[in-house]
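**Student:** Use these hints to put chain B onto chain A, whose structure you have.
Quick note, the sequences are listed as chains A and B, same order. Residues in the first sequence are numbered consecutively from 1, following our numbering. Residues in the second sequence are numbered consecutively from 1, following our numbering.
None of these hints come from the bench; they were simulated from the model. Just so you know, even glycine gets a beta-carbon here, dropped at the ideal spot from N, CA and C. Just to be clear, a hint being listed does not mean it is correct.
[Said to hold, decoys possible] Which chain B residues stay away from chain A? Per the calculated CB distances, all over 12 Å, these:
1) 62
2) 119
3) 128
4) 133
5) 168
6) 189
7) 209
[Unchecked claim] Partner residues aside, some chain A positions facing chain B, computed with beta carbon under 7 Å:
8) 99
9) 103
10) 125
11) 129
12) 133
13) 139
14) 142
15) 143
16) 153
17) 156
18) 159
19) 160
20) 184
21) 186
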Amino acid sequence: MLQHALAAPGAAASPLHAAPDTPPKPIVASGYGDDPTRTPAARDAMIRLDAVSKHFAPRGSEAAVTALKDVSLAIPRGEIYGIIGPSGAGKSTLIRTVNGLERPSSGVVRVDGVVISGLDEAALRAERRKIGMIFQHFNLLSSRTAFANVALPLELAGLSRQAVRAKVMGLLDLVGLADKAERYPVELSGGQKQRVGIARALATDPKVLLSDEATSALDPETTRSILALLAQVNRDLGVTIMLITHEMAVIREVCHRVGVIEDGAIIEEGTVRDVFARPRTATARSFIGSLPGREPPPAIAARLTPSPEGARQTVLRLTLSGAAAGAPVISALARRLDIDVALLGGQVDSVGGEPFALLYLGVPTANWASGAVTSVLGEWDIRTEVIGHVA
Amino acid sequence: MSPELLGLVLDATLETLYMVAAATLVGTVLGLPLGIFLATSGKGELFEAVTVNRALGLIVNATRSTPFIILVVAIIPFTRLVAGTSIGTTAAIVPLSIAATPFMARIVEAAIREVDHGLVEASLAMGATPLQIVRKVLIPEALPGLLLGITLGIVTLLSNSAMVGAVGGGGLGDLGIRYGYQRFMPEVMLLVVVVLIVLVQAVQSLGDRLARRVNHRLRRS
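So that you can see chain A by itself, here it is in the shape it has in the complex (with noise of 0.2 Å):
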């Protein structure tokens, strides 16, 4: 049981912060293809909810809340699975009924195929060492040194001294902690706590990890380096991750596929190029809206009218993924049809690890107009969208 965490003697070594450039496995970063026998559903499942709703009673002066209505998911091995919503829309409570914290109302939950929701309390404790959680605040025991927080999962499974003691050194080797073994959690940094957090998750070699909210209170760049372990541990050590964020650079840096929750029900899903690149719903539109490069920028913004009426330029919005995303388009419609193209704002970087690029570009309105614009776009697999028009 010691080697699965130091099976790759290289995962310690290697650069914790390479990883986010670094493509995901092929077979999840291409999402599903036309291939029906790849997608989740067909695929086995690691996690599978099946109908899982779940009511709280009324207490005191609250009200009884729903806090989940009728949640359908399938997550395949080896998938990072990211849900998105916004705070009371149910997260927590259903990454919660994965590991039998919270037991839902109706419904089925399965890990491997054990059906989590049905077990009593002795074989939920032994199902729950094979899932593994981080949480927001970390949870690390305050009495308890770096190492021997991350023993505490082995000592409750009752193993030997020497075997903690091995085990527990590969753990934070490959979180890349081992010269802080000794120090307590309040002489870490936030990032730091939750590498101790993850490299606990990780003691008893669990098959599942699940993320409650793990870099929500971490600063961008600690966040992108946690990710970034995460990733590693989801590719290195095959370990299927299930991770709950309000936050959308989370989904972008690190999930395969992503799931929109809003008041308790998942209302969009798919893999994260698909919807980030068309977004169905209003709720995954405006996260996606909330990243950084992702609203036209606000000089032009300001001076948008929606009449071509008398306008000058007109303003697009290009939503460019996947093989697409490299497509030449500025120098295309540039020379095709002989007008200025102005670039006005935007953002190109990587979704789902395959790049992805948002561009706001200024062309002329008559060219627009005639349909001159959108037949050289057309060439491409592009979203193509007008957001308005500049006087």
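**Tutor:** Just chain B now, kept in the frame of chain A:
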């Protein structure tokens, strides 16, 4: 002051220490599990038992609201049953322990409730049993608060022990009343008070020091 009087003060000090030490031991041994249970048996908690929790809470409150001097007299039959006699230093340990137990229990309950619920949740997620959570998480995490609470309990016992003169319990308080007040020997009264102050100071600073040593929530330079 005559050597005889000094001898009396020394004897009384030893009696006080004996009573307080014994009652602290009993009060802690009984109060610790009781307090842990009170802190973990509410609705939705580890050892959920709401009715038992309420009943115990009621008994604890009733005991705590009885003035100590009345408790001492009221439980004389019980004291005789346990100690074989209702008079003397050893007998006085019984009411002292009975008063100390609910006091300690409430202090333990408060210290345990201070532990971040997230730690309990994390332990449950690791597959810990409720008893493992008590042993490996709640008690170690609450230890600084528990030590300060026990310290407070000892100081309260020192003050309660002054009243057991009513049942011939002896000790410093009894000496102060009998010699200092009833025999008009203010120097005995003064000495008794000074010894009590020194004892309280010693207990408090020892408790503070221990609590600080086990508190890893504080950043050390």
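**Student:** So, for every hint listed, does it hold in this structure?
**Tutor:** Each hint, compared with the structure:
{"no.": "1", "hint": "62", "in the structure": "holds (26 Å)"}
{"no.": "2", "hint": "119", "in the structure": "violated (6 Å)"}
{"no.": "3", "hint": "128", "in the structure": "violated (5 Å)"}
{"no.": "4", "hint": "133", "in the structure": "violated (9 Å)"}
{"no.": "5", "hint": "168", "in the structure": "holds (44 Å)"}
{"no.": "6", "hint": "189", "in the structure": "holds (45 Å)"}
{"no.": "7", "hint": "209", "in the structure": "holds (17 Å)"}
{"no.": "8", "hint": "99", "in the structure": "holds (6 Å)"}
{"no.": "9", "hint": "103", "in the structure": "violated (12 Å)"}
{"no.": "10", "hint": "125", "in the structure": "holds (4 Å)"}
{"no.": "11", "hint": "129", "in the structure": "holds (4 Å)"}
{"no.": "12", "hint": "133", "in the structure": "holds (4 Å)"}
{"no.": "13", "hint": "139", "in the structure": "holds (4 Å)"}
{"no.": "14", "hint": "142", "in the structure": "holds (5 Å)"}
{"no.": "15", "hint": "143", "in the structure": "holds (4 Å)"}
{"no.": "16", "hint": "153", "in the structure": "holds (4 Å)"}
{"no.": "17", "hint": "156", "in the structure": "holds (5 Å)"}
{"no.": "18", "hint": "159", "in the structure": "violated (13 Å)"}
{"no.": "19", "hint": "160", "in the structure": "violated (17 Å)"}
{"no.": "20", "hint": "184", "in the structure": "holds (4 Å)"}
{"no.": "21", "hint": "186", "in the structure": "holds (5 Å)"}
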